[in-house]
Amino acid sequence: MTRVLAPLDPTSAVEATATALARLLAADVRHVDPRDLAAGVHDRDVVAAVVSAEPGGALAPDGWERVAGGADRPVAVVPRLRRPPVTIDRVLVPLDGSPESAAAAADTVGLCAAGGADLVVLHVFDARTVPRYWDQAAHARADWEREFLARWCAVPGARLHLRSGVPGEHVADVARVEAADLIALGWSGTLAPGRARTVRRTLAEATVPVLLIPAGLR
Amino acid sequence: MIDRTVEAVVLAADALGPPPGGAAALRRRLEALVAAGVSAAVTTGASAAHSGDLLRSRPAGPGRLLLVCRHGGEVYELGPRGPVRVGRRVPSAADDAALDRAVTAIRARLDGRGVVSRRVPGQVGRRVVGVRWPDRARLAGPAAATLVRDLAAGAVAAAGLPDVRVSAGATHVDVSLADRGDAMRDLLVRFASRGIGPGLVLVAGDFAHTGDDTALLVPELDRAVVVSVGAGRPGGRARPAVRHRPGGWATVLALLDEQLDRRRSARVPCVDEDPAWVVVETGADRLRHRVTETLFTLGAGGLATRGSVEEDGPEAAPLTVADGRYTARGPAQHLLPGPQWAALDIDPPPAADRRVLDLRTGVLYRQTGEGGPPIRTLRLVSADSPGLAALCAEGPAGRLTGGAPLRAPAAGPRSDGRSWTTGDAGGCVWGRTADAGTGAVITAAAVQAEAVAGGLRTVSRFAVFADRDAAGRARRAARRGFARVLAEHRAAWALRWEDVDIRIPDAPADQLAIRFALFHLWGTAARHDECAVGARGLSGTGYGGHVFWDADAYVLPAVVSIDPDAATAMVRYRLRRLPAARAAARAAGRRGARFPWESAVSGDDVTPNAGYLGGTRVPIRTGELEEHITADVAWAAVHAATWTGTPERLTGEWAPLLTETARYWASRIRLDAGGNAHIDRVIGPDEYHEDVDDNAYTNVMARWNLRAAADLAAVPDDERAGWRELAGRLADGFDPATGRYEQFAGYRLLAPLRAADVGEPPVAADVLLGRARVAASQLIKQPDVLMLHHLVPDETATGSLGPNLDFYLPRTTHGSSLSPAVSAALLARAGRPDEALHLLRHAMDLDLGDTTGTTAGGLHVAALGGVWQAVVAGFAGVRVRGSVVHLDPCPPAAWPRFEVRFRCLGRRIRVAVDAAAVAVHTDAPTWLQVGGSPPRRCGGWTRFPRRSRP
Chain D
4 MTRVLAPLDP TSAVEATATA LARLLAADVR HVDPRDLAAG VHDRDVVAAV
54 VSAEPGGALA PDGWERVAGG ADRPVAVVPR LRRPPVTIDR VLVPLDGSPE
104 SAAAAADTVG LCAAGGADLV VLHVFDARTV PRYWDQAAHA RADWEREFLA
154 RWCAVPGARL HLRSGVPGEH VADVARVEAA DLIALGWSGT LAPGRARTVR
204 RTLAEATVPV LLIPAGLR
Chain B
228 MIDRTVEAVV LAADALGPPP GGAAALRRRL EALVAAGVSA AVTTGASAAH
278 SGDLLRSRPA GPGRLLLVCR HGGEVYELGP RGPVRVGRRV PSAADDAALD
328 RAVTAIRARL DGRGVVSRRV PGQVGRRVVG VRWPDRARLA GPAAATLVRD
378 LAAGAVAAAG LPDVRVSAGA THVDVSLADR GDAMRDLLVR FASRGIGPGL
428 VLVAGDFAHT GDDTALLVPE LDRAVVVSVG AGRPGGRARP AVRHRPGGWA
478 TVLALLDEQL DRRRSARVPC VDEDPAWVVV ETGADRLRHR VTETLFTLGA
528 GGLATRGSVE EDGPEAAPLT VADGRYTARG PAQHLLPGPQ WAALDIDPPP
578 AADRRVLDLR TGVLYRQTGE GGPPIRTLRL VSADSPGLAA LCAEGPAGRL
628 TGGAPLRAPA AGPRSDGRSW TTGDAGGCVW GRTADAGTGA VITAAAVQAE
678 AVAGGLRTVS RFAVFADRDA AGRARRAARR GFARVLAEHR AAWALRWEDV
728 DIRIPDAPAD QLAIRFALFH LWGTAARHDE CAVGARGLSG TGYGGHVFWD
778 ADAYVLPAVV SIDPDAATAM VRYRLRRLPA ARAAARAAGR RGARFPWESA
828 VSGDDVTPNA GYLGGTRVPI RTGELEEHIT ADVAWAAVHA ATWTGTPERL
878 TGEWAPLLTE TARYWASRIR LDAGGNAHID RVIGPDEYHE DVDDNAYTNV
928 MARWNLRAAA DLAAVPDDER AGWRELAGRL ADGFDPATGR YEQFAGYRLL
978 APLRAADVGE PPVAADVLLG RARVAASQLI KQPDVLMLHH LVPDETATGS
1028 LGPNLDFYLP RTTHGSSLSP AVSAALLARA GRPDEALHLL RHAMDLDLGD
1078 TTGTTAGGLH VAALGGVWQA VVAGFAGVRV RGSVVHLDPC PPAAWPRFEV
1128 RFRCLGRRIR VAVDAAAVAV HTDAPTWLQV GGSPPRRCGG WTRFPRRSRP
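Residue numbers (the numbering used here), protein chains in the order written: chain D, 4 to 221; chain B, 228 to 1177.
The shape of chain D in the complex, shown without the other chains (with noise of 0.2 Å):
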């Protein structure tokens, strides 16, 4: 049996996200006292763990970046939040068109898409991942989008969401316009200085749950 790993005596909101990360998962819940999450998160049968956002709180005592920092597992980063989500049906996938961020999100998007979740896949041109030509605007996209969800996200049904601009402006944002339930999102595993912005932007203005999938992972 596989579980998800939660703290004990958690919020309402911590508790539900973990419940419903575990349905769609096809896992169990394992409480752990919040003090052993950074270590739990390691145990062979743990796909997932699910930490508070708030900082220094009694549910992260460590805080949410050392229990996810340090993990080889997806953590979700529970913000405040005004509905827990009871279930998670729609989750948000944003992918900057690397191999790395596909390959970090690959298990765990085919693990949702599994459990019956629909799949939103974010992209967001920058100056770094702007085409070079967009020839006919009436055209351009259908090629484009086909090839990129081929790629990097090639699970039946998953939708492509383009934004153009700096990605850690959009994601909070298109997880909103698209009534995502959880925001899926591949990261170097530091926050350290230049590092991280669209995890840290992300976290700051999200209002579901951020399932932060560390590099690397498989």
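Everything hinted at is true.
If you anchor each label on the Cβ, the simulated ranges turn out as follows:
#1 B:978 to D:90: 46 to 54 Å
#2 D:47 to B:539: 32 to 40 Å
#3 D:5 to B:635: 36 to 44 Å
#4 B:635 to D:90: 32 to 40 Å
#5 D:100 to B:973: 36 to 44 Å
#6 B:484 to D:100: 55 to 63 Å
#7 B:999 to D:100: 21 to 29 Å
To be clear, the hints were calculated from the coordinates, so they are not data collected in a lab. Values in this document were obtained by computation on a predicted structure and should not be read as measured data. We treat Cβ as the ideally placed atom computed from N, Cα and C, and that holds for glycine.
Position chain B against the provided structure of chain D, taking the given hints into account.
Here is chain B on its own, set in the frame of chain D:
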């Protein structure tokens, strides 16, 4: 023996002596091979009269049997009606004098070493010096032969006779103006004319040590299979490698039997993996699978099939389409997917493979590579027999089966009314896709043969796509057999490359990329009756197969120098849609004909009314406003008539394209109170700026259209005069003070952004910044004003190319795939060839490198056309005016030598450029004007000094 199928065989007969028991056994085998499409040659030093039984051969093609006599002095082709001499070297008086001087020098050199020599009566174009050593002991062994050869070669070199060739043995010196090596090179040229590269040649003979026949083994045979059948071990030549299979004529016969056996058992032929001609993909990068399918599309005669792997798989998007066969309605109209003919059942599917697209012969070869017996396939879409596609496969019998030879199409958007039916009759399977709404049908019939021997299954499949007699043709192709079908296909491709090609010895990657462009232009614009060239050609589902101005301004100018009849067919596509264009003009309250921005089967506008810039949904106004296409269509007709040397078409069959478009412009133009003429509310080629007034490109093209029609059309004088009057009044935005055209009224007032402010071009600035920001800036998507200098330079102000390049290029983001290649052509014309090559490489790499992530949806055909235009019109500086071909080459530093071959004015023209000269070859007398020289009527090769450019 060699475990490989070859397409040409050369037997070096001299050192082997006559076949024991006569040549009948050899003759039978050679005739059988020739009947299967193999080219064969026997080389001998003897004359034809002394070539014995071989002369009695009467082979029927499609292969050729050549007898090379007197070391290449004479070449005979043996056919059903006996031997015909097809080559002969005739020495001039100067040649004879050189040979005599060489003999004198050699004899003097030998004499100096105490060797006795005498002149032996020789043959035409050849001298023989007999050698006698004073010390008999030194006559034996290769050392003597080496010494004689070195002495003779040294004497000839010292005498300053570089064209004289020397070969020698211990007892003689053979002096000629061409040696056995030249004879082999001549054979390789003859094989190449059948599409057979050196890697498909088997050379057999006695190549032991320093025997005379070793001179046949020229370095060009590097990829050939060379077998020495003599008793002695072959010498240590580095290139080509020689396999030793002693046994004399018995081994030769066994080698030929192996080739016959491989054909009888339908083994998969090989390709010559010449790096100058092949595009190779290993399949290791799964992300490139769909890209590779596009790159490996095979097309001919209006039929094309993507280069999908044969087995089903999630990463495959197989597709076969036919030019002009559309399904669905309105903007959703797209090419109708036809029956799949190239699928095989392979279980388990290959985990690794190597795929080779051979541009020279138009075949796609695959070999799996996961260990164990490989699966090998080779397919073609026949360049010789339109509509015929053929596949040959082999692999372990338990893993490979042919399965259904025709299968339902898998790719492409679904549409109501599309159907798939299949059945079989008389050993032939047929399949048909149809659209009940449009009436479009694609019918195919296929014949398949499978055999298993020694655990190896072979599959041969012949599919014919035709509205009539598909089954009969498929059966006939099957009877001819794959080897013959392949031989005929290769020969057809060889003819194409003989006439049209690029050769850049110092830039092989550029050469390959340009050949790739030519290959797909041939495959895309391949019909000679009516040819609709969509933005992605026939290589994918992108853009629905819709026809844009890309076809008229980018593809046609390239195709007309490649396949003039196909360019004519492209004009005919527009001509036959004049009724729809007239109706569109009427609907807009105008006269004449207004061509649609996007066209498909009927010529009605099929432009969608909404689309996306990145993720932003935007209204699409090109159908409403991008009206320059009407002039582009007229321009294409004039260009095609000019390049094909058929101006009479413009006053005959094609005249309505000029008159009706001119009438449209005459009714579209607004006269202001001051009598000046304007065209309001259009989109020019730069689609970053919509709904603009007096777009320079649109106005000048309309002006050109009016004047061209006034000059050519048979219309009443008052209408003609009216057109001229209007043309003269049209605003064009030219400022004599700066030498620049303003792209449209008010452009100069926009924010002066440059492309470098956004990113490194090419960059889709509109996707990055949004439509409003680019519209408020001077950023442009692609040449607009500059497109005038490309298409109608005579309509632009003298000397205005430079100032407009200087101004507009820094503002060009090249966010359209049409942009880099045409910009390169213009830079070359402006004497900036190195900048041109930098941009051209973006265009060349667009699909090969999938640099924009959309090649999986199909090739960017306009970019391919632009590449060839940049070579011909840019670097070679070719223009046709009247009956004169103008040339003004301006190559980049990376191309110190290059040769371009193309067609125009009914001629086949070759232009060879190096630092000193421009050499031009025409196959019939042609007026040429090179650089600033006066026009000259030239035929054959003519050299012109290169002019220095400022």
